[in-house]
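*Asks:* Listed below are the residues making up each chain.
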Amino acid sequence: MTDVEEDTAALLGRLELQALILDECRVKRGRAEDATPGDVQTDLSVAIAHGDPIVFTVRTLNAFHNQADDMIAEIEASFSASYTYTGDRPTERAVQNYAREALMIQVLPFVREFLASMTNRLGLTPFYLPLFGPAAEVLRTAQQVPPGADRG
Amino acid sequence: MTYQNNEERSLYEERASTWVGLLGLAAAAAAWQVVRLFTAARAASGISSKTLAERMSVTEGRVSQILSGEGNVHIATAARVLRAMGYELTLTAVPVDPGKPPLVLNRRGPRKQAVARPDRAYDVYAQMFLTHEGPRAFPLLVPAHDTLRTTPYGTPVKLGEVTISDRGQVRPIRPIRPEWQAKATEKPRLATT
Chain A
1 MTDVEEDTAA
11 LLGRLELQAL
21 ILDECRVKRG
31 RAEDATPGDV
41 QTDLSVAIAH
51 GDPIVFTVRT
61 LNAFHNQADD
71 MIAEIEASFS
81 ASYTYTGDRP
91 TERAVQNYAR
101 EALMIQVLPF
111 VREFLASMTN
121 RLGLTPFYLP
131 LFGPAAEVLR
141 TAQQVPPGAD
151 RG
Chain B
1001 MTYQNNEERS
1011 LYEERASTWV
1021 GLLGLAAAAA
1031 AWQVVRLFTA
1041 ARAASGISSK
1051 TLAERMSVTE
1061 GRVSQILSGE
1071 GNVHIATAAR
1081 VLRAMGYELT
1091 LTAVPVDPGK
1101 PPLVLNRRGP
1111 RKQAVARPDR
1121 AYDVYAQMFL
1131 THEGPRAFPL
1141 LVPAHDTLRT
1151 TPYGTPVKLG
1161 EVTISDRGQV
1171 RPIRPIRPEW
1181 QAKATEKPRL
1191 ATT
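Protein chains in written order, with the numbering used here: chain A, 1 to 152; chain B, 1001 to 1193.
Hints were generated in silico from the structure; no laboratory data involved.
In this text, a Cβ means the ideal position worked out from N, Cα and C, and glycines have one as well.
One should not assume that every hint holds.
Restricting the straight-line Cα-Cα distance to at most 20 Å, the calculated cross-link-like pairs of lysine to aspartate or glutamate (EDC-like) are [said to hold, decoys possible]:
#1 Lys1187/B / Glu76/A
#2 Lys1187/B / Asp43/A
#3 Lys28/A / Asp39/A
#4 Lys1183/B / Glu74/A
#5 Lys1183/B / Asp70/A
#6 Lys1112/B / Asp1097/B
#7 Lys28/A / Glu113/A
#8 Lys1183/B / Glu101/A
#9 Lys1183/B / Asp88/A
#10 Lys1187/B / Glu101/A
#11 Lys1158/B / Glu1133/B
Computed footprint of chain B on chain A, listed as stretches where at least three residues anywhere in the stretch have a Cβ under 8 Å from a Cβ of chain B [unchecked claim]:
#12 6–19
#13 24–38
#14 58–69
#15 77–83
Some chain B residues well away from chain A (every beta-carbon gap over 12 Å; in silico) [claimed, not checked]:
#16 Glu1013
#17 Ile1047
#18 Val1058
#19 Gln1065
#20 Gly1071
#21 Pro1139
Please model the entire structure based on the sequences and the hints provided.
*Replies:* If you want it as structure tokens, here you go:
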């Protein structure tokens, strides 16, 4: 285990989630006239404010396209997660590593639920953000889903 | 053969020699038993005719008729009277004819063997129909591989395929509607601040 991983592992017990709020939300309508579900482009980024508490701002931008690749809608949202810590001030690298790994376990379910709710309210097919690609791939292999049944 | 021709036969045997007489005797015996039950129950409960009439919501005259077995007392009436006096009527039948076995009431009948039938496959379509609100799409469930005729309002649009089991469980074979295609979310990008 490297030094950074040790730092992150130590942070798991030291950081405590105080608040997780939906900070901003923006929905933009596209030019598509047909709302048949197609590709979804998802971008997920985290901005970190190293204060006390440590505030992670998780910003998600999702562009929904139809089968003809015209944009149906774009949903942008940011969630703020405030963490207090005990002990010494954590290093910047450990916090960044924490943001890549452990933070997502607590925040992504809220993002996923938000996107499913918003797409449903917009009259679209509910969109459930697929999580943890490699892990899901392992599960699919274990279940021996026939080729072609994989819908991404 | 008549009574006069055979003086050794009793009146009972004479009556019982025909089916009509035999059944009449059985009915009379049952009616007599019912009256005996009424008499015994009334003596044991000590209930007055007035109270009995109130409980049964009938007149005292009707109670008197019932208790004396006048007319043809229904089984339901007999059960009501006895219950009003604090007793419950139970019925039983015993074999009389030789060779008849005693009745067993709590025996289950033969169970029907469940025949497992394969699930039936259906296609799910949306068909446009002209309603008073204008053209509207309605779902159609038709046996798989059936031929559909188009209506003046367009060809049915196939939405998916389902199987329906004997118990009514519906399982989709194909997705009813297209789903979003998105890559799995694994790790976020760290924004530069």
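*Asks:* If a hint holds in the structure, say so; if it doesn't, say that too.
*Replies:* Against the structure, the hints come out as follows:
no., hint, result
1, Lys1187/B / Glu76/A, "holds (18 Å)"
2, Lys1187/B / Asp43/A, "holds (10 Å)"
3, Lys28/A / Asp39/A, "holds (17 Å)"
4, Lys1183/B / Glu74/A, "holds (16 Å)"
5, Lys1183/B / Asp70/A, "holds (18 Å)"
6, Lys1112/B / Asp1097/B, "violated (32 Å)"
7, Lys28/A / Glu113/A, "holds (19 Å)"
8, Lys1183/B / Glu101/A, "holds (18 Å)"
9, Lys1183/B / Asp88/A, "violated (38 Å)"
10, Lys1187/B / Glu101/A, "holds (7 Å)"
11, Lys1158/B / Glu1133/B, "violated (23 Å)"
12, 6–19, "violated (count 0)"
13, 24–38, "holds (count 3)"
14, 58–69, "holds (count 4)"
15, 77–83, "violated (count 0)"
16, Glu1013, "holds (83 Å)"
17, Ile1047, "holds (70 Å)"
18, Val1058, "holds (65 Å)"
19, Gln1065, "holds (73 Å)"
20, Gly1071, "holds (72 Å)"
21, Pro1139, "holds (17 Å)"
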